[in-house]
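Now for the letters of each chain:
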Amino acid sequence: MRRKLLVLLAAAGAVIASLAFFRRSGARRERVDLYFADGSMVSLGEGPDAERLLALGRTTLDAAR
Amino acid sequence: MEAAQALADLTEISTQIKAAALFRADGSIDAATLADGTRFVEAARALLSAAEGVRAEPLVQLEAATADGSVFVVRDGERVVAAVTGPEPTVGLVFYDLKSCLRSSADEEAEKPKRAAPKRKPKEEGGNGEA
Chain A
-14 MRRKLLVLLA AAGAVIASLA FFRRSGARRE RVDLYFADGS MVSLGEGPDA ERLLALGRTT
46 LDAAR
Chain B
430 MEAAQALADL TEISTQIKAA ALFRADGSID AATLADGTRF VEAARALLSA AEGVRAEPLV
490 QLEAATADGS VFVVRDGERV VAAVTGPEPT VGLVFYDLKS CLRSSADEEA EKPKRAAPKR
550 KPKEEGGNGE A
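Protein sequences, first through last, are from chains A and B.
According to our numbering, the first sequence is numbered sequentially starting from -14.
According to our numbering, the second sequence is numbered sequentially starting from 430.
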């Protein structure tokens, strides 16, 4: 009985963990990736630069509609 | 390949790209998939300009990813291509297609003067030689 309960709990835990993983990986956060001539890359997800560039990105998306 | 043809090929090859424009750094538009690409190009130029201010190093490409979709801008000197996609695009593939589009339109521009001169002369000379 105890063993069955442990197996059930483990199975439920695995399902919850996999759901959380796929949900997290599926939801890409808003960000701006900048690629420079020297081969370097900067990913801006937070901060004033990111907010400013994301706002301009949204304006560009709106202009394409 | 003309700029308009390069863009037509781009949108045919990449189903992820919803709209795109080829333009110069000064804002002059070579081709756009939108009926009036002016507002789109101006917005893309503003984004590019702001992004270039982040670092002193020259910027070659960018992706602004939002919940509604992504904006891609690729720059090669004075020539720029900008495109929009839906959310979660295949980033590497979109950049590859945009670079190919930029390259094919640039190649045509570089070849135009070369093609014009040698083709005409041999035709005139060849015509005499063959006859």
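To be clear, the hints were calculated from the coordinates, so they are not data collected in a lab.
Don't be surprised by glycine CBs; every beta carbon is placed ideally from N, CA and C.
Treat the hints with caution; some may be incorrect.
What the hints assert, rightly or not - Take a look, some chain B residues computed to stay more than 10 Å from chain A by CB distance:
(1) Glu431
(2) Glu441
(3) Thr444
(4) Gln445
(5) Arg453
(6) Asp455
(7) Asp459
(8) Phe469
(9) Ala479
(10) Ala480
(11) Ser499
(12) Glu507
(13) Arg508
(14) Ser529
(15) Ala539
Said to hold, decoys possible - With the C-beta cut set under 10 Å, the calculated list includes, among others, these residues of chain B facing chain A:
(16) Ile442
(17) Val483
(18) Thr519
What the hints assert, rightly or not - Now the stretches of chain A that chain B is said to cover, found in silico as 3 or more residues with beta-carbon under 8 Å:
(19) -6 to 5
(20) 37 to 45
Against the structure, the hints come out as follows:
1. Non-interface call for B/Glu431 relative to chain A: holds, since the shortest CB-CB distance, roughly 22 Å, exceeds 10 Å.
2. At roughly 18 Å from the closest C-beta of chain A, the C-beta of B/Glu441 stays outside 10 Å, upholding its exclusion from the interface.
3. The Cβ of B/Thr444 sits about 16 Å from the closest Cβ of chain A, beyond the 10 Å cut-off, so the non-interface label holds.
4. Residue placement check: B/Gln445 keeps its beta carbon more than 10 Å from all beta carbons of chain A (closest about 13 Å).
5. Look at B/Arg453: its CB is around 17 Å from the nearest CB on chain A, clear of 10 Å, so calling it non-interface holds up.
6. Non-interface call for B/Asp455 relative to chain A: holds, since the shortest CB-CB distance, roughly 18 Å, exceeds 10 Å.
7. Residue-level check passed: B/Asp459 sits 17 Å from the nearest beta carbon of chain A, beyond 10 Å.
8. Listed as a non-interface residue, B/Phe469 fails to keep its Cβ farther than 10 Å from every Cβ of chain A; the least gap is roughly 4 Å.
9. The claim that B/Ala479 is not at the interface with chain A is violated, since a C-beta of that chain comes within 10 Å of its own (minimum 6 Å).
10. Once the 10 Å rule is applied to beta carbons, B/Ala480 is inconsistent with being away from chain A; the minimum gap is 6 Å.
11. The non-interface label for B/Ser499 is inconsistent with chain A: the shortest C-beta to C-beta separation is roughly 8 Å, within 10 Å.
12. No Cβ of chain A comes within 10 Å of the Cβ of B/Glu507; the nearest lies about 15 Å off, and the non-interface call holds.
13. No Cβ of chain A comes within 10 Å of the Cβ of B/Arg508; the nearest lies about 15 Å off, and the non-interface call holds.
14. Every CB of chain A is more than 10 Å from the CB of B/Ser529 (nearest about 16 Å), matching its label as outside the interface.
15. For B/Ala539, the condition that its CB be more than 10 Å from all CB atoms of chain A holds, with the nearest at approximately 21 Å.
16. Hint on B/Ile442 is violated. Least Cβ distance to chain A is approximately 18 Å, over the 10 Å limit.
17. Interface hint at B/Val483: satisfied, since its Cβ lies 6 Å from the closest Cβ of chain A, which is below the 10 Å cut-off.
18. A hinted interface residue such as B/Thr519 counts as satisfied when its beta carbon comes closer than 10 Å to some beta carbon of chain A; here the least separation is about 12 Å, so the hint is violated.
19. With 0 residues carrying a beta carbon less than 8 Å from a beta carbon of chain B, the segment -6 to 5 of chain A misses the three-residue requirement, and the given coverage is violated.
20. Beta-carbon proximity to chain B at under 8 Å applies to 8 residues in the segment 37 to 45 of chain A; the threshold of 3 is reached and the given coverage holds.
Against the hints set out earlier in the document, violations occur for numbers 8, 9, 10, 11, 16, 18 and 19.
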